[in-house]
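Residue numbers (our numbering): 269 to 470.
It should be emphasised that the hints constitute simulated quantities derived from the structure, not laboratory data.
Beta carbons: idealized from backbone N, C-alpha and C, even for Gly.
Among the hints, a few may not be true.
To be verified - DSS-like, lysine-lysine: derived pairs with alpha carbons at most 25 angstroms apart:
{"#": "1", "residue 1": "Lys405", "residue 2": "Lys440"}
{"#": "2", "residue 1": "Lys409", "residue 2": "Lys391"}
{"#": "3", "residue 1": "Lys449", "residue 2": "Lys405"}
{"#": "4", "residue 1": "Lys388", "residue 2": "Lys409"}
{"#": "5", "residue 1": "Lys409", "residue 2": "Lys440"}
{"#": "6", "residue 1": "Lys455", "residue 2": "Lys388"}
{"#": "7", "residue 1": "Lys440", "residue 2": "Lys388"}
{"#": "8", "residue 1": "Lys388", "residue 2": "Lys405"}
{"#": "9", "residue 1": "Lys440", "residue 2": "Lys455"}
{"#": "10", "residue 1": "Lys448", "residue 2": "Lys391"}
{"#": "11", "residue 1": "Lys409", "residue 2": "Lys449"}
{"#": "12", "residue 1": "Lys391", "residue 2": "Lys440"}
Said to hold, decoys possible - Have a look at the derived ranges for each label pair, beta carbon to beta carbon:
{"#": "13", "residue 1": "Asp398", "residue 2": "Glu460", "range": "33 to 43 angstroms"}
{"#": "14", "residue 1": "Glu294", "residue 2": "Glu460", "range": "30 to 40 angstroms"}
{"#": "15", "residue 1": "Glu442", "residue 2": "Thr276", "range": "18 to 28 angstroms"}
{"#": "16", "residue 1": "Ile397", "residue 2": "Lys440", "range": "16 to 26 angstroms"}
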Amino acid sequence: MMAITFRTWVRAELETVWSVVLDSVENPQRYMSNVEAVRVLERLEGGITKELKMRGMESAPGRFDFFVFERGTLKEIKNTENDNVFVNGVFDSFVFESSIIREVTVRDEPYRERIRISNKERKIHRELIDHPTCSRKIIVKAVPSSVQNPMAPVDLQFFLELEFMKGAKEGKEEMTAELKKEQQRLKEKAEELETRALWREG
269 MMAITFRTWV
279 RAELETVWSV
289 VLDSVENPQR
299 YMSNVEAVRV
309 LERLEGGITK
319 ELKMRGMESA
329 PGRFDFFVFE
339 RGTLKEIKNT
349 ENDNVFVNGV
359 FDSFVFESSI
369 IREVTVRDEP
379 YRERIRISNK
389 ERKIHRELID
399 HPTCSRKIIV
409 KAVPSSVQNP
419 MAPVDLQFFL
429 ELEFMKGAKE
439 GKEEMTAELK
449 KEQQRLKEKA
459 EELETRALWR
469 EG
């Protein structure tokens with residue numbers, strides 16, 4: 269497992285940055301250079317997706333790692349690989365207002381990605397589904413540097429968890445490079461929109 273964090277400052281208002289992040293969910297080809305086609309396979313609107321993770325000090329075999337709920341219905345119980353999990357811990361709850369499953373085609377190879385969106389926290393979770401060579405989770409988050417000053421830069425954060433099959437070193441380097449490019453394009457687009465808005469106001 270490889271964990272990486274990319275951060276960049278965006279000179280635009282939070283709402284502008286977030287609108288670009290949401291646009292990247294619907295139109296990834298605008299921000300990802302290698303995307304050939306995209307289509308939404310499933311969309312949940314108006315409900316919530318809730319993921320409950322458990323933390324604690326004591327471990328026991330054969331229990332659960334975390335539950336995944338969609339619209340209040342239990343969809344999945346995920347287990348740890350070694351059957352050792354934490355009990356008597358604290359629950360972390362992440363609530364998402366909507367989610368989609370999209371199919372993205374890169375070099376004639378389609379893959380599916382589940383995306384969960386939290387407008388309240390300005391955060392999206394992206395997770396690969398059934399990818400042949402790797403597993404990937406990405407959290408994209410827009411964090412204002414100042415609550416009082418709406419013109420203060422926004423910290424655009426990418427948190428990555430990547431795990432590749434053996435011998436896929438080139439895949440790691442290529443994927444991280446593409447994600448850096450995507451983050452840079454998000455930054456550039458948000459700053460371009462902000463500049464246009466200021467020009468119109470002036």
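So, going through the hints one by one against the coordinates:
1. Lys405 x Lys440: holds (13 angstroms)
2. Lys409 x Lys391: holds (4 angstroms)
3. Lys449 x Lys405: With Cα atoms ~17 angstroms apart, Lys449 and Lys405 stay inside 25 angstroms; holds.
4. Lys388 x Lys409: holds (11 angstroms)
5. Lys409 x Lys440: holds (22 angstroms)
6. Lys455 x Lys388: Within the cut-off at roughly 20 angstroms; holds.
7. Lys440 x Lys388: Roughly 32 angstroms separates the two Cα atoms, so the pair is violated.
8. Lys388 x Lys405: Measuring from Cα to Cα gives roughly 20 angstroms; hence the hint holds.
9. Lys440 x Lys455: holds (23 angstroms)
10. Lys448 x Lys391: holds (17 angstroms)
11. Lys409 x Lys449: holds (16 angstroms)
12. Lys391 x Lys440: holds (24 angstroms)
13. Asp398 x Glu460: 33 to 43 angstroms: holds (36 angstroms)
14. Glu294 x Glu460: 30 to 40 angstroms: Taking Cβ atoms as reference, Glu294 and Glu460 lie about 18 angstroms apart, which means the hint is violated.
15. Glu442 x Thr276: 18 to 28 angstroms: holds (20 angstroms)
16. Ile397 x Lys440: 16 to 26 angstroms: holds (19 angstroms)
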